[in-house]
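*Asks:* From first to last, the protein sequence lines stand for chains A and B. Residues in the first sequence are numbered from 892 upward in steps of one, following this note's numbering. Residues in the second sequence are numbered from 73 upward in steps of one, following this note's numbering.
If you're looking for bench data, these hints aren't it; they were derived computationally from the structure. The beta carbon of each residue, even a glycine, is placed where N, CA and C say it ideally should be. A couple of the hints might just be wrong.
Derived lysine-lysine pairs resembling DSS-like cross-links, with alpha carbons at most 25 Å apart [unchecked claim]:
| id | chain 1 | residue 1 | chain 2 | residue 2 |
| --- | --- | --- | --- | --- |
| 1 | A | Lys1089 | A | Lys1114 |
| 2 | B | Lys205 | A | Lys1124 |
| 3 | A | Lys898 | B | Lys205 |
Reference excerpt, derived from the structure (chain B facing chain A, CB under 8 Å, subset only) [what the hints assert, rightly or not]:
| id | residue |
| --- | --- |
| 4 | Asn125 |
| 5 | Lys146 |
| 6 | Lys209 |
The primary structure of each chain is shown beneath.
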Amino acid sequence: MKNIKEKFDDKEIFKLLNDININEKEYDNIDLEMNELQKKKLKGYLKKKTKTKKYKHGVSAAAVVLLCMLGGGFVNPAFAQNIPILGSILQSINDKVGFHGEYAKYSQEINKSVFDKEITVTITEVICDDNTLEIGYTIKGNEKIKDMLPDKNMSIPHLQMTSFKVNGTELDANNGGTGDYVDEYTYVGSEELDIADKHLPRNFNFDMSITDLGGIEGAWNFKFNISKDQITKYITNFDPNTKVDFPDCSINISKVSFSPINTSVIFDGSFKKDRTITKNREGVMDYDEWFVYDDKGIQLNEKCSSNHCESNNFQYHMQFAALNETPKYLTVIPYRLPEEIKEHHHFKTESKDLIGSTYPTELSQGKIGKIIIKEVKNIQNKTIINYTAEGIAPYFQASNLFLRDEEKNPIAHDIFYIEDDSNKPNEFTLTFYNLDTTKKYELAAINLDAYEIREDLKFKIPLEN
Amino acid sequence: LIINENNFVHQLIARNSKSLDYMVDNYSNLIYKIVFSVLSSCNDHQCIEECVNDIFLSIWNNIESFDNTKGSFKSWIIAVSKYKSIDYKRKLMKNSDIECIDNYTLSSNDSTESIIISNENKNELLSIIMEMKSIDKQIFIRRYFVQEDINDIAKSLNVTRIVIDNRLSRGRKFLREKIMALKKEVI
């Protein structure tokens, strides 16, 4: 039994509030205003909360979504044992999630530090191609970072309220980031800006001011030059202008770009007038998840996608891992997990004991295909699982294999490695550190039959200039 | 597209983020005043800002609940802000030992006044509320959903407290009878 109010959610209560006659002048005589800084902070907060950039860092992000739906908690590794503070942070972070890309080769070293509020922020390096700008950084606390964060629910010193300037002009770009603790006092991260529509010059002055690290307010301001000279000659751009018709919208693929760190697919589109908007899908197209393949039929590893919608028109920028060769065309198969399933669906799994099973062994993922576990090795404190994925979407399938303990709690992996040899596509490795040897674990593959894979909407993007 | 007072609600519905900036520029002072008047006694500036943040975000998330045939956007967001800040204050008091010099009656010990319901269908309840006479409905929503203080409701409607008490009692009776008629149980 509940109090009447608790039975209703905001949406319903807000509807009832239309029926109240309010005296609109009630507050006119109160002399109180938000100052400009408060308004700026509010705008920044809303921008962060409402932007629709989705990060899919390899297996981790994609699997977290699924694992949560399986009802298990997600156990984070204590520290990222494989991220060095020396060397390229951007390379390490991207390698860890299987993105490869020549980060170390094309990164520009910055190494500038600012100390405030007992915290040293160091911008270690930066890399910029035509569509993304990635910044590598470390945060070092004089105390344990988690203890310094004012909000105890927050565990990471997110770069909040960070503003960027290019040649003195504010850069209004979608940004997002990832990172890991290397110890309790040190966090290393990468912040990525989507600059696809910003047309930045080849060389520019860059200003970055951080005013909030996970709730710790301060001032960490940086100024440095960024040059795209090195990388530019290795970028290939195409303007395919491929028009595709979807059930709810029409799109035009305006640009496909290959750089040593990224593959970008950029398109714009408009919604059809008779479109029915499903819950949580305002401003986004129904099929904005794509399996993309190169001209040899090898699936591209999706990194993240960001989109922007204004009225009936929208733009998308989808990013995939860098390719070793520029293909002659790309093939796309759209798919989605229907919204009505997302909330309630319990994914079935097929599992095998980690120890005691004979390898190779197969785990079915439903109609989409299967996972073949080739080998499980224990080297010192590491447990390494080598496997392949066979089926329509190997990367996607590979990200839907996980390890769980006897209580069915998923265990977070420490490294997800994708074989970078084009002769060995679709070979993957999951590495776990320090598994408790007294516990029984099992490898579980998620049944992906709930996904709607629209082969009937398949299309090709020819790449010729 | 330039966002102005004529198109910004439509642009909020269309998920145009520029319309949020417009809303901040034009309504943040009003919302801030409302939140401040409810939460100022808590003496915590941070929670006022957090609550303002939350109100803006929930307007963005629930903009389709606004019905422009029933009233102005301004009057709706005043109601939303009152509701959210009183709710925020209630949660704040529940979770902490912050002492508030209370201007609002946040929970009533008077058992005849609280409405506890079991498993009635939400839509049925809503339709019963919508059947109430306009003034009764209004007082009922302000008291039981927004959780406004009875004296404040009386003051804003320019009537005495007794009038509000009577109308609330009538509203509860109406609800009880209607639910009984639906063969559901009211405790």
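*Asks:* Each hint needs a verdict: does it hold in this structure or not?
*Replies:* Hint-by-hint comparison with the structure:
no. : hint                    : result
1   : A:Lys1089 <-> A:Lys1114 : holds (19 Å)
2   : B:Lys205 <-> A:Lys1124  : violated (73 Å)
3   : A:Lys898 <-> B:Lys205   : holds (22 Å)
4   : Asn125                  : holds (5 Å)
5   : Lys146                  : holds (5 Å)
6   : Lys209                  : holds (6 Å)
Of the hints listed earlier, the one the structure fails to meet is number 2.
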